[in-house]
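Student: Read off the chains here:
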Amino acid sequence: MTGGGIIDQTNRALRDIGLCGLFLLQIVGRLRLSTRQWGEVMRQLYFIGTRSLVIILTSAFFVGMVLGLQGYNTLVQFGASESVGAVVALTLFRELGPVLTALLFAGRAGTSIAAEIGLMKATEQLDALELMAIDPIERVVLPRFIAAVLALPMLTALFNMLAVLGSYLFAVEWTHLDQGLFWSRMQSVVDFQADYVSGFIKSVVFGIVIALISVFQGYTAEPTGRGVAIATTQTVIVGSIIVLVLDFVLTALLI
Amino acid sequence: MMDNSEQTAFIELENVVFRRGPRTILDDFSLSIPQGKVVAIMGPSGVGKSTVLKLITGQLKPASGRVIVNGQRVDVMSDRQLNQYRKTLGVMLQNSALFTDLSVYENVALPVREHTGLTETIIRRLVLTKLHAVGLRGALDLYPRELSGGMARRVALARALVLDPALVLYDEPFTGLDPIAVATVNQLIGHVNRALSLTSVLVTHNVEQINQLADLAVILVEGKVAASGSPEQLIEDQSPAVRQFMNGLPDGPVPFHYPARDLSEDLLA
Amino acid sequence: MKINQSVELTAGLFMLLGLAALLFLAFEATDVGGFGKEGSYQISARFSNVGDLKPRAPVAVAGVNIGTIEAITLEPDSFEALVTMTIDARYDQLPTDTSASIYTKGVLGDKYVELEPGGSPDYLRNGDELFIAQSAVVLEELVSKYLFNSDTESSDEE
Numbered sequence: 001m002t003g004g005g006i007i008d009q010t011n012r013a014l015r016d017i018g019l020c021g022l023f024l025l026q027i028v029g030r031l032r033l034s035t036r037q038w039g040e041v042m043r044q045l046y047f048i049g050t051r052s053l054v055i056i057l058t059s060a061f062f063v064g065m066v067l068g069l070q071g072y073n074t075l076v077q078f079g080a081s082e083s084v085g086a087v088v089a090l091t092l093f094r095e096l097g098p099v100l101t102a103l104l105f106a107g108r109a110g111t112s113i114a115a116e117i118g119l120m121k122a123t124e125q126l127d128a129l130e131l132m133a134i135d136p137i138e139r140v141v142l143p144r145f146i147a148a149v150l151a152l153p154m155l156t157a158l159f160n161m162l163a164v165l166g167s168y169l170f171a172v173e174w175t176h177l178d179q180g181l182f183w184s185r186m187q188s189v190v191d192f193q194a195d196y197v198s199g200f201i202k203s204v205v206f207g208i209v210i211a212l213i214s215v216f217q218g219y220t221a222e223p224t225g226r227g228v229a230i231a232t233t234q235t236v237i238v239g240s241i242i243v244l245v246l247d248f249v250l251t252a253l254l255i
Numbered sequence: 001m002m003d004n005s006e007q008t009a010f011i012e013l014e015n016v017v018f019r020r021g022p023r024t025i026l027d028d029f030s031l032s033i034p035q036g037k038v039v040a041i042m043g044p045s046g047v048g049k050s051t052v053l054k055l056i057t058g059q060l061k062p063a064s065g066r067v068i069v070n071g072q073r074v075d076v077m078s079d080r081q082l083n084q085y086r087k088t089l090g091v092m093l094q095n096s097a098l099f100t101d102l103s104v105y106e107n108v109a110l111p112v113r114e115h116t117g118l119t120e121t122i123i124r125r126l127v128l129t130k131l132h133a134v135g136l137r138g139a140l141d142l143y144p145r146e147l148s149g150g151m152a153r154r155v156a157l158a159r160a161l162v163l164d165p166a167l168v169l170y171d172e173p174f175t176g177l178d179p180i181a182v183a184t185v186n187q188l189i190g191h192v193n194r195a196l197s198l199t200s201v202l203v204t205h206n207v208e209q210i211n212q213l214a215d216l217a218v219i220l221v222e223g224k225v226a227a228s229g230s231p232e233q234l235i236e237d238q239s240p241a242v243r244q245f246m247n248g249l250p251d252g253p254v255p256f257h258y259p260a261r262d263l264s265e266d267l268l269a
Numbered sequence: 001m002k003i004n005q006s007v008e009l010t011a012g013l014f015m016l017l018g019l020a021a022l023l024f025l026a027f028e029a030t031d032v033g034g035f036g037k038e039g040s041y042q043i044s045a046r047f048s049n050v051g052d053l054k055p056r057a058p059v060a061v062a063g064v065n066i067g068t069i070e071a072i073t074l075e076p077d078s079f080e081a082l083v084t085m086t087i088d089a090r091y092d093q094l095p096t097d098t099s100a101s102i103y104t105k106g107v108l109g110d111k112y113v114e115l116e117p118g119g120s121p122d123y124l125r126n127g128d129e130l131f132i133a134q135s136a137v138v139l140e141e142l143v144s145k146y147l148f149n150s151d152t153e154s155s156d157e158e
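Protein chains in written order, with the working numbering: chain E, 1 to 255; chain S, 1 to 269; chain L, 1 to 158.
Quick caveat, the hints were computed from the structure, so don't treat them as lab data. What you were told as hints is all true, and nothing was included just to trick you.
Derived list of chain E stretches under chain L, where covered just means 3 residues or more per stretch with a C-beta under 8 angstroms from a C-beta of chain L:
1) 48-54
2) 155-166
3) 177-184
4) 189-196
The beta carbon of each residue, even a glycine, is placed where N, CA and C say it ideally should be.
The whole structure should be built from the sequences, with the hints applied where relevant.
Tutor: The following block contains the structure:
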């Protein structure tokens, strides 16, 4: 862990990226699911998606309120306070929604995926599968990967919705902004293609990235307690950094 | 030493060399395991016992030499062939390795579901028979976290046997169990081996249990077979390595000290 | 088995909830919904100058938004700007002699179109054109006009 020169570390990083890519190919190569497998995907969707709802929704609501408060305080100086909904929605759909949800998701669901797979490795469960001629990637990795990829865009949508409602609550109930104005300004400013769809694309990409990083970290973890701990930490660190970097790249591409 | 020329060898390791990094773990290692017997591979920790097991399952491939099980070359199998081969194997791993999110019943049923098209009724009969054999038919709805170590081992045994394999491998089956559980597992392994006329290979360092259970025992020291024969023969064996291991002496051919400079040099440095 | 089913049910519910949120946002918070293509009609007006009026700017009556600017194009023969507006179907009783003016919100705010309803008993229909349209007030023009006027005034006095 400690060490080496910059060249060593770059080598290691490049090798990890390469391995990660190969792992993705292995997963994608197994993308045919039996009905039983779908049952497992649903089960994982419950653990990964439903169990993340509380943290996502709570955060979203307060993020929305804060955006509403800040937006209102700034806009009111220019006599444009009715645009608060529009400002909040633009911020959310384009950037904050996909990015914040992805970061929270990496912390909540990504870590649990990495820890679970890592623990299965440490307790020889993955070996046992292999020795029963059952493919551990197909059986353990694939359902979790698919569930995570499906869950993040849904969570992002819920995050956006609750944050919009949070800012609505602030703007309309607190500052007594006309609610028709709130929505109509939002509708006239937010573009379906440029804001909504591109935000959705971001959330799908982030979903794939975090799903891949979590299963990869878990699957390649050193089969010890320390190894599992490192895998979970790495999931959050690497996941968060890559999400933020990719956000910039995607924004540049999608504009 | 081991006189089994009249018996058919079920597993044959011929001149196997296995390295992990710079370390040579098995060096020109040969071993022959006859059919229908309980064979124990013994030796101090870190001597390559588990490596032998993984060579037999095909998880590891030797740098050179041949691994032959039931007439098939395991070391040159493709992934597909390995999967076919592994369906004829039963393996009980060190930590039982039960799937934590499946019940006892589902754990035992998993290989059957995965590899056969049997109906649920037949799967149920099969699973209950195996669970009954290990005395845990009543525990089928429990989850692995609710089992004691000995019970988990027995479930793992039922799972290993559910597809009626010809060969069962046990990795440290007695480690971490209380004396009652050790006796139970010991009895089950012997019983199962006789009743189903299996070949059983145990990797262990539990000398006492092997004396009761094994037909043959092999002692590995430093990547070589130090001695082999029936447990009685091994007890009689006078070579220092065998005596050290069988009697549990702290120092001997397996040194007490990790390799180091001379003590006086170190202290005066 | 029962536990399994309830888990799958919850997971399904989660997906539905997510999809519902996606749809809600698409229709409530973006230009897809609101003044949608179905519950609306289009009218147009010609202006000699639209200033920096932009598509999707609001259309208002008495300061209340009733629609948005759909498109702004140049008429090739008359060199006038043709502004197409989408009006919410709720407001389908605008008289035919309604006039349109381009105003600015605040001193430096965005341009928008204000409709001034007339007294005609007939109502505007989809595709109708307004006949009275007052162009945007362009600051530069205003300044030059003021300068020009002050010039002429001074010359008058002479």
